[in-house]
Amino acid sequence: MENREPLLDVKNLKQFFKISKKYTVKAVNGVSFNIFPGETYGLVGESGSGKSTIGRSIIRLYDPTAGHITFDGVDISGKLSAEEEQHLRINMQMIFQDPMASLNPRRKVLDIIAQGLDVHHLFTSKKEREEKVYQILEKVGLSREHATRYPHQFSGGQRQRIGIARALIMNPKLIIADEAISALDVSIQAQVVNLMKEIQQETNIAFLFIAHDLSMVKYISDRIGVLHLGYLLETGTKEEIFSNPIHPYTRSLLSAIPLSNPRVEKHRTSESYDYETSGIDYAKGESQHIGGSHYVHATAEELKSWVSPR
Amino acid sequence: MTDEKKVDQTTSKKVDQMTSKEKILSISDLSISFKTALGSVDAIRGVNLDLHRGETLAVVGESGSGKSVTMKAVMGILSSNGVVNSGKIDFNYSDAGEEMAVDILTLSKKYMRSHINGKHIAMIFQDPMTSLNPTMTIGAQIMEGMIWHKKANKREAKKRALELLELVGITDAEKRMKNYPHQLSGGMRQRVVIAIALACNPDLLICDEPTTALDVTIQAKILELIKDIQREMNISVIYITHDLGVVAKVADYVAVMYAGKIVEKGTVDEVFYDPRHPYTWGLLSAMPDLDTFDDKLYTIPGSPPNLSHKVEGDAFASRNIYALNIDKRLEPPMFKITETHYAATWLLHENAPKVEMPSALKERIDRMLKEANENGE
Ligand SMILES: Nc1ncnc2c1ncn2[C@@H]1O[C@H](COP(=O)(O)OP(=O)(O)OP(=O)(O)O)[C@@H](O)[C@H]1O
Ligand SMILES: Nc1ncnc2c1ncn2[C@@H]1O[C@H](COP(=O)(O)OP(=O)(O)OP(=O)(O)O)[C@@H](O)[C@H]1O
Ligand SMILES: [Mg+2]
Ligand SMILES: [Mg+2]
Chain P
1 MENREPLLDV KNLKQFFKIS KKYTVKAVNG VSFNIFPGET YGLVGESGSG KSTIGRSIIR
61 LYDPTAGHIT FDGVDISGKL SAEEEQHLRI NMQMIFQDPM ASLNPRRKVL DIIAQGLDVH
121 HLFTSKKERE EKVYQILEKV GLSREHATRY PHQFSGGQRQ RIGIARALIM NPKLIIADEA
181 ISALDVSIQA QVVNLMKEIQ QETNIAFLFI AHDLSMVKYI SDRIGVLHLG YLLETGTKEE
241 IFSNPIHPYT RSLLSAIPLS NPRVEKHRTS ESYDYETSGI DYAKGESQHI GGSHYVHATA
301 EELKSWVSPR
Chain F
311 MTDEKKVDQT TSKKVDQMTS KEKILSISDL SISFKTALGS VDAIRGVNLD LHRGETLAVV
371 GESGSGKSVT MKAVMGILSS NGVVNSGKID FNYSDAGEEM AVDILTLSKK YMRSHINGKH
431 IAMIFQDPMT SLNPTMTIGA QIMEGMIWHK KANKREAKKR ALELLELVGI TDAEKRMKNY
491 PHQLSGGMRQ RVVIAIALAC NPDLLICDEP TTALDVTIQA KILELIKDIQ REMNISVIYI
551 THDLGVVAKV ADYVAVMYAG KIVEKGTVDE VFYDPRHPYT WGLLSAMPDL DTFDDKLYTI
611 PGSPPNLSHK VEGDAFASRN IYALNIDKRL EPPMFKITET HYAATWLLHE NAPKVEMPSA
671 LKERIDRMLK EANENGE
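One line per chain: the protein sequences are P and F, in this order.
Read left to right, the first sequence gives residues 1 to 310 (our numbering).
Read left to right, the second sequence gives residues 311 to 687 (our numbering).
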């Protein structure tokens with residue numbers, strides 16, 4: 001994997017939102033990572049840590065405040081030519097967190113899913129357009145009868161699969177899946193996760209998989225990044241993160257995963273982490289190499305204190 | 311129809327003879343269909359469910375199995391193309407010291423809105439964005455219900471709103487009160503929705519996937535918070551969730567739904583350690599296992615039946631490797647396993663061949679029990 005070119009390379013990305021003269025939200029504060037073709041990168045972290053913002057900056061729903069994003073060999077962080085824009089809109093797709101808010105309630109499912117095909121004229125006949133939609137519906141576990149329904153006539157999980165179908169139909173190189181399976185039941189989550197893996201094997205598609213459910217992230221991801229307050233605190237393969245978590249925040253996150261064992265779970269408390277009182281200063285930290293693809297954001301002293309007592 | 315007449319006001323508490331627990335919600339024989347362009351969809355096909363005061367019930371099951379629709383019926387907010395074919399939803403609550411008993415299905419939407427919803431039954435929805443008003447600040451939205459139902463004055467309402475925001479873990483509450491929903495992250499929006507639901511101290515709180523948008527650390531805090539409030543105020547809570555870890559953490563009872571029916575119900579211990587329905591076996595097997603690094607998840611083969619066609623026999627039969635011949639013809643009744651544990655599968659019939667749960671699941675449950683014992687439970 002090391003000698004290949006990454007499909008996506010994010011360098012020192014910053015995304016700030018100015019709320020008022022005095023108040024700016026630093027949603028993403030200098031984040032770097034990359035994703036290789038055919039790879040799944042899982043992004044986890046608490047609510048408000050900047051996961052969705054990273055996704056939205058990469059797909060250029062925002063103009064990045066600073067930093068560089070290279071996709072498929074092209075720097076896409078500045079102004080895009082019409083051609084670059086088209087390449088990006090086809091080859092990078094996003095599945096959104098809030099299915100209801102991202103599906104137009106007045107359009108039939110057929111037209112919602114075909115929207116990308118329509119915009120980029122990717123079919124030759126009405127029949128081909130429909131066939132493509134039916135195929136993709138089946139792929140995500142819905143049926144062609146669903147094509148004529150409206151979004152509100154579906155269950156939450158079914159709606160989310162419409163969002164997945166809409167992204168898959170474009171046959172992109174990268175899909176950013178923002179909490180794409182959180183609303184699904186476990187067996188369908190498993191189906192979708194297996195489906196994503198199958199499609200990945202067929203097409204070498206890459207995924208940026210944003211989620212809070214660490215047990216699913218562990219299944220689907222090759223590498224994982226842990227985000228907190230706009231900083232990428234730790235990244236590595238799933239084995240590196242799950243077997244040897246270094247940062248106290250990562251450790252607290254792992255310990256908070258609810259276990260599906262009622263007698264244990266009812267009495268368990270998780271390791272707590274409070275940045276304010278931790279004495280850790282993210283602004284002073286830098287990327288420290290632990291080994292392999294495992295990196296931790298820390299000062300040298302911080303790192304020493306986390307590693308030595310064990 | 312005048313709503314007031316439909317409300318049968320009894321003064322005696324509905325107390326369960328056997329357990330002397332007070333029944334707050336009782337759903338019986340509920341069936342609901344939806345009219346669509348392609349005919350009718352039988353979304354709910356005979357649901358029976360009881361809930362006592364102070365208890366927590368988790369409803370789990372296949373996506374599209376009818377969990378949200380059932381709870382929307384309890385709130386009296388079914389979509390306009392929904393038709394109730396049969397059933398009752400008895401709800402007992404006290405209003406200004408008076409014990410009330412109503413069948414929610416006989417009340418109008420208007421009556422529900424002004425007397426029940428928000429005040430006695432509160433619901434936290436799956437999609438936070440659909441329950442927030444994009445044009446109102448979140449502060450105004452939390453205060454609205456308190457002023458409307460509880461006749462609180464503006465200052466009290468504001469104080470309570472700030473408290474609630476802090477309670478659900480939103481820092482800088484004073485500043486956040488002035489934000490509009492789109493300025494918040496997904497998880498923050500969901501916490502605002504939770505604050506709104508708690509604002510009026512309901513008798514029954516229904517949480518539809520309350521924590522799917524939340525990360526594990528805040529999820530743990532929110533679940534703790536709901537538990538505390540529940541204990542303090544003796545309210546009943548229904549969770550709809552796909553996260554079996556959440557179920558394990560909060561639930562007293564579990565109901566498993568499949569294709570518009572409850573196929574298994576019992577205490578959380580019964581359903582997790584001694585599951586009897588093959589669908590429940592599949593569901594528990596599909597759960598990711600944190601102890602291993604496998605890269606293939608178990609999935610239940612096939613897909614759920616299309617409820618716009620009539621279901622013949624057991625709706626799960628075509629996906630069930632243990633299906634018997636009778637499954638193709640006759641829908642199984644609920645078989646009683648213990649006083650609290652029931653499952654709808656012909657495998658429990660006395661003449662059925664003896665079938666054990668899959669061995670991989672058995673091993674996993676044994677591992678869980680061992681771990682529980684080691685922890686001194
Ligand atoms: N358009 C915006 N304007 C102002 N602030 C914003 C905007 N979008 C996001 N933010 C702020 O940026 C921060 C990060 O938000 P983001 O949505 O990226 O979080 P997240 O990690 O996806 O959280 P969640 O898990 O809750 O979805 C939050 O403090 C949020 O309020
Ligand atoms: N307004 C409607 N018109 C037509 N069909 C509907 C309508 N609302 C729900 N349905 C159908 O009713 C069934 C049950 O939906 P419901 O929303 O209760 O599922 P759920 O169990 O909550 O699933 P999820 O876990 O995905 O949220 C689904 O098949 C759904 O498509
Ligand atoms: Mg988000
Ligand atoms: Mg639902």
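Hints were generated in silico from the structure; no laboratory data involved.
Quick reminder that beta carbons are idealized off the backbone N, C-alpha and C, glycines included.
Honestly, I wouldn't trust all of these hints.
[Said to hold, decoys possible] No more than 30 Å apart at the CA atoms, straight line, and that leaves these computed lysine-lysine pairs for DSSO-like: (1) F:Lys461 to F:Lys537; (2) P:Lys266 to F:Lys468; (3) P:Lys266 to F:Lys398; (4) P:Lys139 to F:Lys620; (5) P:Lys197 to F:Lys672; (6) F:Lys488 to P:Lys18; (7) F:Lys531 to F:Lys680; (8) P:Lys26 to F:Lys468; (9) P:Lys266 to P:Lys18.
[As the list claims (entries may be wrong)] Sample of chain P residues lacking proximity to chain F, with all beta carbon distances greater than 10 Å (derived): (10) Lys26; (11) Ser47; (12) Gln135; (13) Arg149; (14) Asp185; (15) Glu202; (16) Thr299; (17) Glu301; (18) Ser305.
Each hint tested on the structure:
{"no.": "1", "hint": "F:Lys461 to F:Lys537", "verdict": "26 Å, holds"}
{"no.": "2", "hint": "P:Lys266 to F:Lys468", "verdict": "34 Å, violated"}
{"no.": "3", "hint": "P:Lys266 to F:Lys398", "verdict": "33 Å, violated"}
{"no.": "4", "hint": "P:Lys139 to F:Lys620", "verdict": "24 Å, holds"}
{"no.": "5", "hint": "P:Lys197 to F:Lys672", "verdict": "27 Å, holds"}
{"no.": "6", "hint": "F:Lys488 to P:Lys18", "verdict": "15 Å, holds"}
{"no.": "7", "hint": "F:Lys531 to F:Lys680", "verdict": "27 Å, holds"}
{"no.": "8", "hint": "P:Lys26 to F:Lys468", "verdict": "28 Å, holds"}
{"no.": "9", "hint": "P:Lys266 to P:Lys18", "verdict": "42 Å, violated"}
{"no.": "10", "hint": "Lys26", "verdict": "14 Å, holds"}
{"no.": "11", "hint": "Ser47", "verdict": "2 Å, violated"}
{"no.": "12", "hint": "Gln135", "verdict": "16 Å, holds"}
{"no.": "13", "hint": "Arg149", "verdict": "7 Å, violated"}
{"no.": "14", "hint": "Asp185", "verdict": "4 Å, violated"}
{"no.": "15", "hint": "Glu202", "verdict": "16 Å, holds"}
{"no.": "16", "hint": "Thr299", "verdict": "23 Å, holds"}
{"no.": "17", "hint": "Glu301", "verdict": "25 Å, holds"}
{"no.": "18", "hint": "Ser305", "verdict": "22 Å, holds"}
Checked against the numbered hints above, the structure breaks hints 2, 3, 9, 11, 13 and 14 and satisfies the rest.
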